Amino acid sequence: MLDINLIREKPEWVKEQIARRYDQSPIDEILAGDGRRREILQEVEELRRQVNEASKQIGRVMGTLKKLEADLQRAEAGQDVGQPVEALRTQVLAMQFNAEEAKEKPRELGERITELDDELREVEEALRKNMLWVPNIPHESTPVGPDESFNVIHEPQGAPIPQFDFEPKPHWDLGPALNILDFERGVKLSGSRFYLLKGAGARLQHAVIQFMLDMHVQKHGYTEIYPPFIVRSVNFETAGQLPKFYDNIYRDAEEDFMLLGTAEIALTNVHRDEILEEAELPIKYVAYTPCFRREKMSAGKDVRGIKRGHQFDKVEMYRYTTPETSFAALEEMKQEAIDICEALGFPYRVLELATGDISYASVKTYDIEVWAAGCGEWLEVSSASNCTDFQARRANVKYRPAEGGKTRIVHTLNASGLALPRVMIALMENNQQADGSIVVPEALRPYMGGIEVIR
RNA sequence: GGAGGGAUGGCCGAGUGGACGAUGGCAACGGUCUUGAAAACCGUAGUGGGCUUUGCUCACCGGGGGUUCGAAUCCCUCUCCCUCCGCCA
Numbered sequence: 224m225l226d227i228n229l230i231r232e233k234p235e236w237v238k239e240q241i242a243r244r245y246d247q248s249p250i251d252e253i254l255a256g257d258g259r260r261r262e263i264l265q266e267v268e269e270l271r272r273q274v275n276e277a278s279k280q281i282g283r284v285m286g287t288l289k290k291l292e293a294d295l296q297r298a299e300a301g302q303d304v305g306q307p308v309e310a311l312r313t314q315v316l317a318m319q320f321n322a323e324e325a326k327e328k329p330r331e332l333g334e335r336i337t338e339l340d341d342e343l344r345e346v347e348e349a350l351r352k353n354m355l356w357v358p359n360i361p362h363e364s365t366p367v368g369p370d371e372s373f374n375v376i377h378e379p380q381g382a383p384i385p386q387f388d389f390e391p392k393p394h395w396d397l398g399p400a401l402n403i404l405d406f407e408r409g410v411k412l413s414g415s416r417f418y419l420l421k422g423a424g425a426r427l428q429h430a431v432i433q434f435m436l437d438m439h440v441q442k443h444g445y446t447e448i449y450p451p452f453i454v455r456s457v458n459f460e461t462a463g464q465l466p467k468f469y470d471n472i473y474r475d476a477e478e479d480f481m482l483l484g485t486a487e488i489a490l491t492n493v494h495r496d497e498i499l500e501e502a503e504l505p506i507k508y509v510a511y512t513p514c515f516r517r518e519k520m521s522a523g524k525d526v527r528g529i530k531r532g533h534q535f536d537k538v539e540m541y542r543y544t545t546p547e548t549s550f551a552a553l554e555e556m557k558q559e560a561i562d563i564c565e566a567l568g569f570p571y572r573v574l575e576l577a578t579g580d581i582s583y584a585s586v587k588t589y590d591i592e593v594w595a596a597g598c599g600e601w602l603e604v605s606s607a608s609n610c611t612d613f614q615a616r617r618a619n620v621k622y623r624p625a626e627g628g629k630t631r632i633v634h635t636l637n638a639s640g641l642a643l644p645r646v647m648i649a650l651m652e653n654n655q656q657a658d659g660s661i662v663v664p665e666a667l668r669p670y671m672g673g674i675e676v677i678r
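Residue numbers for the first sequence follow this note's numbering, so the first one is 224 and each next one is one higher.
None of these hints come from the bench; they were simulated from the model.
Just so it is clear, the structure is predicted and the values come from calculations on it, not from any experiment.
We treat Cβ as the ideally placed atom computed from N, Cα and C, and that holds for glycine.
Ranges between beta-carbon positions, derived for each pair:
#1 T630 <-> E327: 39 to 45 angstroms
#2 R283 <-> P307: 24 to 30 angstroms
#3 F373 <-> N471: 21 to 27 angstroms
#4 Q319 <-> N275: 19 to 25 angstroms
#5 E348 <-> N471: 23 to 29 angstroms
#6 E348 <-> N275: 22 to 28 angstroms
#7 I674 <-> V410: 24 to 30 angstroms
Construct the complete structure from the given sequences, taking the supplied hints into account.
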């Protein structure tokens with residue numbers, strides 16, 4: 224969510240900025256809603272002030288009245304309270320009358336307040352709905368363009384593109400032949416786009432996961448989080464997945480539970496509604512989770528193999544930072560994803576996503592793609608984004624500056640580190656031998672019980 | 001799944017319709033004292049919104065709604081936590 228003050232103060236600039244990402248959010252409508260909201264607030268708060276004042280007076284009257292009534296009771300019981308019963312009776316009646324009369328004005332004001340409150344609720348709800356759809360403002364360095372064809376693709380780095388003196392096979396041939404990948408039985412269990420990893424295949428995936436977690440924890444200084452995989456919808460909203468991607472989420476039919484589409488959703492919410500100390504920042508989390516996506520949109524796309532499924536595993540890095548350090552953090556996280564690619568011996572390349580291709584919470588996104596020799600494609604294994612204060616404002620994550628003063632909203636960043644299926648594809652296809660066996664990269668062997676070749 | 005008990009400021013904990021944004025304690029910060037520290041004493045301290053912004057005001061006692069002139073306090077509802085029973089890997 225954007226800062227409403229930004230829209231209020233620089234509406235034309237905001238319009239220009241979101242136009243850079245081809246977004247049509249109703250800024251004017253938001254502006255009008257915000258104006259009306261403040262109008263109502265001013266009126267309703269003034270009325271409330273009057274009611275509060277009147278109520279305090281009534282409180283005083285009621286206090287006196289109670290005392291008089293007590294005196295009256297005692298006088299009626301024959302005690303001497305300094306005044307005759309009749310005089311007390313008269314005073315009580317007068318007080319009661321005064322009190323009733325004093326209630327009239329605030330009662331009337333109350334009715335008006337209720338009306339205004341109802342309108343305020345409507346205005347705020349509409350405003351909030353509109354605000355939820357406004358994307359983050361792209362960073363000035365983000366290439367402008369309506370779609371992925373405007374992404375800036377940097378030169379390949381890392382290992383050279385592998386050359387073979389035989390025809391390299393795609394993983395959907397290699398895996399089943401080695402009996403480490405089973406498509407038929409995956410389909411039997413869950414339908415198309417599901418598969419089984421088997422034997423050394425399953426072990427290889429575990430090995431990669433453990434290897435990546437170790438690197439991020441030991442070398443990159445992340446703290447591992449094992450989050451719930453099903454979470455409440457509010458977590459999706461703060462992370463920016465809702466309302467936009469409702470159709471892509473697996474949901475519980477009876478309860479407000481949703482399956483994570485990415486660990487980012489859980490990690491965004493670890494510190495929801497918290498005020499952190501600046502000294503705690505940056506907070507760096509890494510989580511391994513399965514990810515569940517309906518992928519309705521992509522029916523018919525990437526159907527072969529394990530490249531795109533409804534369930535996949537991912538190791539995800541996440542950071543909470545100060546506003547001043549978030550862009551440096553983005554560069555670091557990109558590099559941390561690259562470190563994995565380097566360690567696994569992949570040819571890879573970095574992309575800077577265009578304004579029309581970055582997620583709407585992000586201001587700048589790098590993708591990292593690795594080369595897969597069998598299917599002959601660059602495959603996206605990581606996406607690193609700086610969401611600045613967009614998610615943190617929704618999640619209400621703030622920090623107290625070290626030098627004191629007002630609390631500020633943190634910045635959040637996420638980067639896959641990395642997504643498993645594509646890593647598995649690259650491992651299988653790039654390290655295949657003429658006989659169909661697969662060489663296990665050095666870095667993974669300790670995690671494979673010393674297995675050097677899967678055959 | 002059933003029955004009961006809870007949720008109050010950073011933490012603990014009072015408050016069951018009227019001066020309460022909230023007693024008290026601990027922790028924190030500033031000061032006095034001290035060579036320094038501790039102790040003691042004094043003082044400051046929450047978050048957010050609005051405005052005509054050295055200030056005024058509104059809201060916030062788990063969330064939402066209601067009763068009332070007035071709600072931390074009463075009613076409804078939801079969530080979470082605890083205890084007991086049942087069930088289960």
